[in-house]
Structures are given as C-alpha cells and as structure tokens.
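*Asks:* Just need the whole structure built from these sequences, with the hints factored in.
Residue strings, one per chain:
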Amino acid sequence: MIAETLVVERGVSAGDAWVTIEPANVKSALQSLKNDGFRLLVFLTCVDHLVDTSRTWPARYELVYELRNMETKEQLRVRAFVDGDPPRIDSVHDIFPPANWEERETYDLFGVVFNGHPDLTRILMPDDWVGHPLRRDYPVGGEVVEFSEEHETWQTPPPDA
Amino acid sequence: MSTTAQGVTITKTGEQGAFGGELLTVNFGPHHPSTHGVLRLIVDLDGEQVRSVKPVIGYLHTGIEKQMEALRWQQGVVVTDRHDYLSPPINNLAYALAVEKLMGVEVPPRAQALRVIMSELTRLSSHLVWMGTSGLELGAMSMLMYCFRERDTILDMNEEISGFRMHTSYIRPGGVMADATPRFFEMLDDFTHTMPGHIDEYENLLTMNPIWRSRTIGIGRLSPEDAKVLGASGPMIRGSGIAWDLRKSMPYSGYENYDFEVAVSDDCDCYGRYLVRIKEMREAVKILRQALDRLPDGPVNVDDRKMLPPPREELETSMEAVIHHFKLFTEGYSVPPGDVYVAVESGRGENGCYVVSDGTHKPRRVHFRSASFVNLQALERMALNHMVADLIAIIGTADTVLGDVDR
Amino acid sequence: MGIEELAESLGQNILTTTLGKVVGWGRGNSVWPAQFGLACCAIEMIATATAGVDIARFGSEAFRASPRQSDLMIVSGRVSQKMAPVLRVVYDQMPEPKWVISMGACASTGGVFNNYALLQGVDKIVPVDVYIPGCPPRPEDLLNALMILQERIKAQGILPRQ
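Chains as they are written, first to last, in this note's numbering: chain A, 1 to 161; chain B, 1001 to 1407; chain C, 2001 to 2162.
Keep in mind the hints are simulated off the structure, nothing from the lab.
Any given hint could be a false lead.
Pairs of lysine-lysine residues, derived as BS3-like cross-links and limited to a Cα-Cα distance of at most 30 Å, are as follows [unchecked claim]: (1) Lys1228/B - Lys1279/B; (2) Lys1248/B - Lys1279/B; (3) Lys73/A - Lys27/A; (4) Lys1248/B - Lys34/A; (5) Lys1362/B - Lys1306/B; (6) Lys1279/B - Lys27/A; (7) Lys1306/B - Lys1327/B; (8) Lys27/A - Lys1362/B; (9) Lys2154/C - Lys2021/C; (10) Lys34/A - Lys1054/B; (11) Lys2098/C - Lys2154/C; (12) Lys2124/C - Lys2154/C; (13) Lys1306/B - Lys1054/B; (14) Lys1228/B - Lys1306/B; (15) Lys1362/B - Lys1327/B; (16) Lys1228/B - Lys1248/B; (17) Lys2124/C - Lys2098/C; (18) Lys2098/C - Lys2021/C; (19) Lys1228/B - Lys34/A; (20) Lys1279/B - Lys73/A; (21) Lys1279/B - Lys1327/B; (22) Lys1306/B - Lys73/A; (23) Lys1286/B - Lys73/A; (24) Lys34/A - Lys73/A; (25) Lys1327/B - Lys73/A.
Only some residues are given here: those of chain A computed to face chain B with a beta carbon under 10 Å [unchecked claim]: (26) Gly37; (27) Val51; (28) Pro98; (29) Val144.
For every residue, glycine included, the Cβ atom is placed at its ideal position computed from N, Cα and C.
*Replies:* Here it is as structure tokens:
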C-alpha cells in the first residue's frame, strides 16, 4: 500500500477509494503503488476548482491519477493539488508510459506543466492556439445564443485562433 | 500552423538508412482514405520500411468535455453519444452508470437487461464497421457490402427502439428512454437466429483466405508485456493473450448473470485480433439470445421523482408531480457532490467516464477515458520495421475512432 | 475552362442552351465525390455507398481519394479548428466546376456543439450548395441532397458560376 507518510488525506467517494498526496511526492507515491501491484494507469486528468464554492479546496488545480491493480481488481484514485501560473508537477511517463499523451492533453487543455516530460506540446488544439480551453475562466466559445440565460457570462465570442 | 493536408509530402531528413539511402519523412495527412478518420501520421521511411511513426491527433477535437460543463446532467447524454461514434449506447451507459453511482440509485432489472441488449447490439455493429473498413483497406471490398448489410439490420432495430439509427441516447441516467416495442423483440429474435450464419459467411471469406492471412499474420506484433505496459485494452490486449474483459473482470449492469466466454488469442498480431473480434461477435449473439430469453418484466426507470419526470397522467391530479416536472425540465436534477469513475467495455476497449459533481444541476467536470487514445500510443511500437502497406493493416487493427481519441 | 469562355462569348442563344443541357446532363449524372468523411456522418456516408442504399446508381460510382479527380466534396462531420485549414486546402485543390454538400448538423451549423473547438458551420470557409440536416442524416437524406444538387447542375448548363 501507499506509505502512510505520503498520504495527506484519504476517503471514499461513491464507492471509489481515494488518497490525497503532496504534489512533490507524486513520483515516489506512484512508484510505490506500482511496486505494490497497481500497474495500470487508467487515466490522468485535471479538475479546475476556480468557481466551486461548495467547499474550500487546497489549490485551484486538482490532478487526478486513477490506478488499477489488474490482479485484485482494486482501484485507487490519487489526487494532488497544485497551484501556480503555470502549475507544475513532475511527469510520471517513465513510471507509466500511457501518461505520455495524457500529460500532453492535460497541458494543452489546462496549462499544467509536467517537469521532465520528453515532448510537452499541444496535442488536441492547433499548435499556435492561445489559452487553455478547459480552464474555468476560458469561455465555452462558439456562437452567442441570444436571449439564453448564459449568453452574457458563459458564451462569449471566442478569441481569434 | 501545420497545414499540409493530404497525400504524400516528402522531405529528406538526411539520416542514413540501412539500405544505403536516406530516411524520408512522409506525411500521411489527415485527409487520407485509409486512416480511419482524420489521423495524421508522420512516418520516417527507410526505403519501404517504417523506422518511426508519430501520430498527430486533434483534427476532430470537439470540446465535448467543456460542452458537458455547460449542459445540465440530463442534456449531457446527447453529447456522450458522439465521442466514440461507432458505439453510442455504450458511451451513454458509462455516463449513466457514473451519474447513478453518484446519485446512489440502481436501475430495475428490466432496464439492466435492455441496457445489455443495446450494448451487445452496438458491439456487433462496431465490429461490423471495423471488419468492413479493414476489409476495404486490405483489398477485400465485398466485406464492406456484407458487413454494412447486417449493420443496417441493427440500425433498424435501433430505430425501432429509440427513433434514431445511430446516436440513440437510449440509455440515460435513471434507466432507459422507454420500453421496447414487441416489434423490437421480434426483430431481435430473427436477428439472433440469422446472425451466426452471417458470421460464418465472413469467416468463410476471410479466416482461411491466403491473402488475408499473409497480410495479417505476423503483422503488428504487440507482446503481452508491451500491451500491459502501454495500458492497452479491448481486442488489443486480448489479442495478445491476456484475458482482460471488463464485462467479466469488473462486471456492470448485470453482466455477471450472463454466460459467455472472453475472446482471447495468443497470436499477438493483426490476425489474432481479427479472431478475437470474430469470437466477440459470436459471444455477443449468445448474450443477446440469453437476454431475450430471460428478459424480466417490470419498470424500465428508477422510481425517483427527483431524477425522472412523472408519468403524464399524474400531472392532471397531483401538485407534486407538476412541481417535479417543472423543476426537472427547467433546472434539472442536482447530483450530490463527489467524484466517481465507471468503466465499460466497448468494442475498442475500456471506455470510462470520470464525473465530478459539485452539487449543482450541471457537472463540474466530465472526463472520458478513451480506449482509442491509449491504444493509439501502441501504434508506434507495433509499426516498427514493417512495410508501408502493413502500416495500413496496423492502423486498421487498432480500431481507433478519432472522435474518441480527440473528444 | 474552354467551354465556359466559349459560352460567355456566344451569349445565351439556342446553341449554348442545347449544349448547356447536354453538358449539364453529363456533369450531373457523374458527380464523383471526394472522400471527406470526418466523424459520425462519414459512417452514414459509407452506408450510402453500400449495397442497400447504393449511391452508385446516381452516378457517384467512385469516391475518389484525391481531390484533384473529384467534383463534389461531401463534408460529413464536425470541422474542428485544426481541420479547417486542411479542409480549405483540399477544397482549393479541386478543379472547377465543384460543389459542396454539407452533410449533417455539425457541418451545416455546428450541430450539437456550440463551443470553442468547432467551426460553427463549414460555410464559414467554403461555399455550400446543399445543406442536409440530421444528426446523422439517413443515407436516403444524402441521396435526396445529391438529387437536388443534380437538378441544380443540370439547370446551370455551361455558364460559369458566379
């Protein structure tokens, strides 16, 4: 199991077990979990808590790593909260190769910089796109739907690509 | 901006190749007949041999995850159809299961059985498209015609049950859209009797066909260790001998009640994956037969008025029904705060939905774990030192759907 | 473009209208689409080409891979910001006379998706002749659109398009 010293908080959400770790410990935590049998990185993504007032979050960006042990079918969600402009965290592509493209996608859509990633470039948006679309302060874009309840605050004309 | 559009753009890289020439960088542009959608590959060629493959994706990025944050929970179902567009009900199922897990509701058995029926029909339809287009790319053009003929039968059934041929939005959080008509069950009954004969037809055409075998045996090898390390799922990992199928290993929606085998092949190459998909089609027909025979009676939706609208007759007599109806159709239901991940087995592998809720009527974040996104990373490993023509076979065997990759 | 210059110099008279009818008939009955399948609508486009709903009956026997050999671009699917310049380049490579059918809601107006990532309608970058609504439209809808386009082509004759 994950070393207790690395765990900041743990819990269960709708049947899924999760632990929170410090972002500086992400490589050691994931390596120790991999040695324990959690050898599959199911996904890696980020959640932006900018406008969430339902509780106080440790930081704006929450990085989520879902690990699975294919022999015991256990799953564990590892969360790390990062802040900053741009937010930085270590890359885990050497521990879990599928993280390569997932980290590029998270960089592209959220702007999280992964230290040590071999090729951190945009993967889904055009190479010269400005901005990180999935951040909460980036508008949905598209065409303004007039008289809709959201049209002033959420749907603003997109920046020129 | 990278604008090289299509066909073959050649730039010499100057490196020495093994055959005495130089390495050529060739662009399999996004507009290409054989790339299964808008995939761009930058291939380094040494003569005819592939030295490296670099996929460039993003040409179908639709902003689905952002779009879902702007839509209410029940509106989001419509959008989930469209990322893996060859298996829409399976995408719906992942989202619906995730929302139901957060809400803490469980759908009645009849809904679970109908969900299994739709998932297996979709798995068949997705494999049929795969086989038709793979056959087309490797020269077996008549496969396209035969496979799409069967697929049309399945789409007619989709239309019967939901009104839509492809993007059904049939499976929704709380149950399914509506109960199936008797005609649907007649069509399904006919289908389960005729489909095994059609699968035999496809096997007669391809399995012992010397051209098909020489184009797929030994091509695109992915060892079991590589498959596990690269996080492959679906036929990519089962074609390498590892019997990992979410329907058996981590069952959902009542799959533990059905008797079926996991299709596995030890060949580790394109031919092995083809055999796996054929076997999966046969097992899907078996599951459909069992589901149809044992279909339980009862309601098809969860009986929670905070989540689903009341029947229209009640609106005439009950004030609460009117209030529930009003709230559901204006603001929509709210999901308790929390986050959950649910994975289902699609034709491509593990398709999952990670939902984060902050307690309001719109999702905070919806992330789709896409099987094709992860499987495509294995392309670089599988295509090394093969010929350019084999590259086409390898892209086909990965069965990537670019909508799923780019979301 | 020789025939169009000839038509312009002769003007509208019985010689050019009869010739126009013949040319229009020829062009309309042998429209060769360029493969431009992007997303879900592409699967329905492939279904239109298969035996159940055969598009080859209407002259579109060959879905050419190269835009230089085709005269119809069926944009089937959503056009993302990254794909838009590619689409324009492919359109520019098609020789005149060329037509565009925008198949499906996403290609016509952005469809279900109203966000940063998609062009809200392919007519923002290429001129469209026929729009097909639907998500995805039935294969018969694509045939209907092709038939409407064929009427237009026959009516146009040999005069160059504005």
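*Asks:* Run every hint past the structure and note whether it holds.
*Replies:* Now the hints, each set against the structure:
no. : hint                  : result
1   : Lys1228/B - Lys1279/B : holds, 22 Å
2   : Lys1248/B - Lys1279/B : holds, 15 Å
3   : Lys73/A - Lys27/A     : holds, 22 Å
4   : Lys1248/B - Lys34/A   : holds, 23 Å
5   : Lys1362/B - Lys1306/B : holds, 15 Å
6   : Lys1279/B - Lys27/A   : violated, 40 Å
7   : Lys1306/B - Lys1327/B : holds, 9 Å
8   : Lys27/A - Lys1362/B   : violated, 33 Å
9   : Lys2154/C - Lys2021/C : holds, 6 Å
10  : Lys34/A - Lys1054/B   : holds, 28 Å
11  : Lys2098/C - Lys2154/C : holds, 13 Å
12  : Lys2124/C - Lys2154/C : holds, 26 Å
13  : Lys1306/B - Lys1054/B : violated, 49 Å
14  : Lys1228/B - Lys1306/B : violated, 43 Å
15  : Lys1362/B - Lys1327/B : holds, 14 Å
16  : Lys1228/B - Lys1248/B : holds, 18 Å
17  : Lys2124/C - Lys2098/C : holds, 17 Å
18  : Lys2098/C - Lys2021/C : holds, 18 Å
19  : Lys1228/B - Lys34/A   : holds, 13 Å
20  : Lys1279/B - Lys73/A   : holds, 25 Å
21  : Lys1279/B - Lys1327/B : violated, 47 Å
22  : Lys1306/B - Lys73/A   : violated, 33 Å
23  : Lys1286/B - Lys73/A   : holds, 26 Å
24  : Lys34/A - Lys73/A     : holds, 14 Å
25  : Lys1327/B - Lys73/A   : violated, 40 Å
26  : Gly37                 : violated, 12 Å
27  : Val51                 : holds, 9 Å
28  : Pro98                 : holds, 4 Å
29  : Val144                : violated, 13 Å
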